[in-house]
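Top to bottom, those sequences are chains A and B.
The first sequence finishes on residue 344 if you use numbering that gives the first Met the number 0, and the numbering steps up by one all the way, no holes.
The second sequence finishes on residue 321 if you use numbering that gives the first Met the number 0, and the numbering steps up by one all the way, no holes.
It should be emphasised that the hints constitute simulated quantities derived from the structure, not laboratory data.
There may be inaccurate statements among the hints.
Far from chain B by the CB rule (all over 12 Å, computed), these chain A residues [to be verified]:
| no. | residue |
| --- | --- |
| 1 | Gln35 |
| 2 | Leu114 |
| 3 | Ala133 |
| 4 | Arg169 |
| 5 | Met180 |
| 6 | Gly196 |
| 7 | Gly235 |
| 8 | Ala258 |
| 9 | Ala265 |
| 10 | Ala270 |
| 11 | Ser288 |
| 12 | His334 |
Quick list of simulated restraints, FRET-style, between CB atoms [what the hints assert, rightly or not]:
| no. | chain 1 | residue 1 | chain 2 | residue 2 | range |
| --- | --- | --- | --- | --- | --- |
| 13 | A | Thr40 | B | Tyr87 | 23 to 31 Å |
| 14 | A | Asp14 | B | Glu268 | 54 to 62 Å |
| 15 | B | Val36 | A | Val156 | 14 to 22 Å |
Partner residues are not named here, just some residues of chain B that face chain A (Cβ under 10 Å, in silico) [stated by the list, open to error]:
| no. | residue |
| --- | --- |
| 16 | Val100 |
| 17 | Ser104 |
| 18 | Asp165 |
All C-beta atoms in this analysis are idealised placements derived from N, C-alpha and C, irrespective of residue type, glycine included.
For reference, the chains in residue letters:
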Amino acid sequence: MVGTPPNVAEDHLVDWFRWMITMRTFDQRAWNLQRQGKIGTYAPFSGQEAAQIGCMSALRADDWIASSYREWAGLAYFGVPLVQPLLSSAGHPDGGCMPESLNVLPIQVVIGAQLLHGVGLAWASKLQQQGRVAMTVFGDGATSQGDFHEALNLASVMKLPAIFVCQNNRWAISLPVERQMNVRSVAQRALAYDIDGFRVDGNDVLATAQVMRSVVDRVRQEQVPVLVELVTYRLGAHTTADDPTRYRDAGEQAAGAAADPLVRYAAYLTAQGLLDAAARARMQQEAQSAVDHAVAELERRGRVDAWTVFDQVYATRPAQLEEQRHELQQRVLAHRADGAGGGAR
Amino acid sequence: MSQMTMVQAINHALRLELGRNERVLVLGEDVGRNGGVFRATDGLMAAFGPDRVVDMPLAESAIVGAAVGLAMGGMCPVAEIQFLGFIYEAMDQMASQAARVRFRSNGRFSAPLVVRAPFGGGVRTPEVHSDSLEALFVHTPGLYVVMPSTPYDAKGLLLTAIRTPDPVLFLEPMALYRSFRQEVPEGDYEIPLGAARVVRAGTQLTLVGWGPVVPVMEEAAERSAVSCDIIDLRWLSPIDWPCVLASVEKTGRAVVVHEAVRTGGLGAEVAATIQERAFLSLEAPVMRVTGYDTPYPVPLLEDDWLPNLERIRHAIKRTMEF
């Protein structure tokens with residue numbers, strides 16, 4: 000960490016570290032839960048905690064967020080409960096049901112599609128004079144999509160309060176950035192739209208938070224879009240279904256681990272006298288307990304009746320969905336009654 | 000009441016709703032200053048300003064994707080795709096985004112937007128301007144799909160569509176934009192979601208169709224000695240099955256007509272449902288008169304390719320003689 004430290008209250012500085020520890024603990028636990036068959040496919044974010052938490056730290060509580068599926072550290076910091084990513088990976092219908100109090104879209108998995116939703120949300124905020132900004136978060140892979148261009152172009156043409164945050168973690172599954180783009184940075188693409196572009200060390204939570212604070216202020220005040228590239232590194236696999244040793248070498252993995260944002264930030268806080276071994280151990284314990292609590296909450300949710308699949312397709316169920324719902328419900332209930340009454344055939 | 004073409008009736012509906020609800024906005028390519036390539040949005044920008052009637056950059060995915068965001072953010076966008084054949088550029092935003100917002104968020108968010116798109120044959124267009132793609136969207140749960148065949152229906156259905164709390168694809172048959180005028184009320188009226196229209200009452204055979212083929216079915220019935228019930232589905236998702244089945248139970252025979260290509264078309268769904276639910280009423284197999292299984296033809300070939308009068312009459316004859 001170099002340069003002038005940002006003007007941030009000490010309890011914020013420590014709070015960010017607490018969240019980084021919590022989410023690293025969560026990420027490792029989620030990986031294990033998938034291996035134990037308790038949740039399904041999960042996209043780990045270890046290594047990107049600083050970039051995620053730093054970028055959300057500047058938002059107002061009612062701002063919009065349209066994110067990718069690898070943003071749970073930032074979303075949790077923003078207020079999304081820890082059980083949410085577990086529900087999502089477990090395939091629970093509430094996985095996408097974000098709290099009413101937050102303007103956070105459910106994650107969607109088509110790469111780059113949410114950029115245009117962010118543009119529309121920023122537009123809606125501007126038309127209704129709500130003063131909200133819309134932050135869209137996406138990976139380096141998304142910058143190859145047509146929707147990336149369409150979104151930045153439209154936001155620039157319409158002068159919308161949209162913040163495009165690229166979490167450049169170097170890898171689009173197995174494709175490194177050099178094979179994704181023939182430019183030296185994502186940020187420089189801002190020039191093509193005549194908007195501001197920033198390239199930030201995303202593994203430095205202070206730098207990220209500082210840049211994002213000025214970006215969010217500017218976007219809110221001047222109603223213009225900005226592109227921010229946070230340079231970070233995906234320490235783990237693309238998802239629980241991926242094996243990164245097939246496409247990246249041990250040397251790169253080791254270099255990535257050496258730049259781990261948690262290690263760097265812990266060293267900074269320790270040098271500043273804001274963190275010691277006892278405090279860190281306490282945080283680790285609290286993190287463990289927060290994660291345990293989320294896992295217990297997941298287990299408490301229990302089973303969901305299959306026929307509820309029809310309930311949120313439309314605001315009002317058309318007749319044919321009503322018929323199909325009834326058919327499925329009768330079949331499932333009959334099956335259950337058989338199971339309860341007769342046992343084995 | 001006044002005599003209006005379909006394109007005027009659409010303009011009327013948009014004007015009425017822009018005036019009634021400040022959350023409504025119209026967006027699309029050339030919809031503002033130019034008033035739309037078919038003039039469906041003529042005069043709306045002058046009346047409501049460039050914040051409400053928005054000329055968009057030429058990018059279909061951006062038009063629908065931004066409309067999805069606008070809708071989630073509390074607005075009621077009415078987006079135009081200049082020709083339905085261009086909607087593939089926005090297919091992800093239609094099928095994987097707009098249609099799934101409510102489902103994905105388990106009811107936390109919704110996307111009450113309308114996408115209007117002209118389509119259909121017989122008007123000598125360049126390639127990809129005439130394709131009938133309704134089946135793709137009927138096959139997409141979460142979307143409503145509607146297609147008027149008269150000026151009166153166009154206005155009432157569009158008002159219903161804009162007020163529906165879920166995404167609606169509103170398909171406008173180009174061939175009917177100015178083909179005839181009809182009395183259309185100046186005021187506000189809706190046509191219920193999911194309600195088909197019985198165009199003509201008959202006793203011997205049911206003709207089921209939608210959009211541009213409806214006047215062709217009417218002419219075929221007019222010239223035929225066979226007494227035909229004619230049903231204009233209007234809503235393709237959801238389909239008014241009680242209306243279709245009541246007719247077939249009465250007549251015992253059915254011919255389904257659509258411009259879209261035959262295989263996997265919505266006519267197959269209609270025929271399948273009739274045989275599932277009204278098998279014992281049937282005196283003959285359900286016949287289909289449709290586009291052929293080719294890309295939409297170039298203009299010099301299209302008249303013979305389309306489900307024209309001769310092809311419908313032939314199907315009626317074969318069904319009666321079965």
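So, going through the hints one by one against the coordinates:
Residue placement check: Gln35/A keeps its beta carbon more than 12 Å from all beta carbons of chain B (closest about 25 Å). Its closest Cβ contact with chain B, about 8 Å, brings Leu114/A to no more than 12 Å, contrary to its assignment away from the interface. Residue placement check: Ala133/A does not keep its beta carbon more than 12 Å from all beta carbons of chain B (closest about 8 Å). Every CB of chain B lies more than 12 Å from the CB of Arg169/A, the least distance being 26 Å, so the non-interface label holds.
The beta carbon of Met180/A sits about 20 Å from the closest Cβ of chain B, which is more than 12 Å, so the claim that it is off the interface holds. The beta carbon of Gly196/A sits about 20 Å from the closest Cβ of chain B, which is more than 12 Å, so the claim that it is off the interface holds. No beta-carbon of chain B comes within 12 Å of the beta-carbon of Gly235/A; the shortest separation is about 25 Å. Residue-level check passed: Ala258/A sits 35 Å from the nearest beta carbon of chain B, beyond 12 Å.
The Cβ of Ala265/A lies farther than 12 Å from every Cβ of chain B, with a closest approach of about 37 Å, so its non-interface assignment holds. With a least beta-carbon separation of about 44 Å from chain B, Ala270/A lies farther than 12 Å from that chain, consistent with its non-interface assignment. Look at Ser288/A: its CB is around 28 Å from the nearest CB on chain B, clear of 12 Å, so calling it non-interface holds up. Every beta carbon of chain B lies more than 12 Å from that of His334/A, the smallest distance being close to 24 Å; the non-interface claim holds.
For the hinted restraint 23 to 31 Å between Thr40/A and Tyr87/B, the CB-CB distance of approximately 28 Å keeps it satisfied. In this structure, Asp14/A and Glu268/B meet the distance hint of 54 to 62 Å, their C-beta atoms being roughly 57 Å apart. Checked against the hint of 14 to 22 Å, the C-beta distance between Val36/B and Val156/A comes to roughly 20 Å, which is consistent with it. A distance limit of 10 Å between C-beta atoms decides the matter here; for Val100/B the minimum to chain A is near 8 Å, and the interface restraint holds.
This hint holds: Ser104/B has a C-beta 5 Å from the nearest C-beta of chain A, less than the 10 Å allowed. A distance limit of 10 Å between C-beta atoms decides the matter here; for Asp165/B the minimum to chain A is near 5 Å, and the interface restraint holds.
In this structure, the hints that do not hold are numbers 2 and 3, in rising order.
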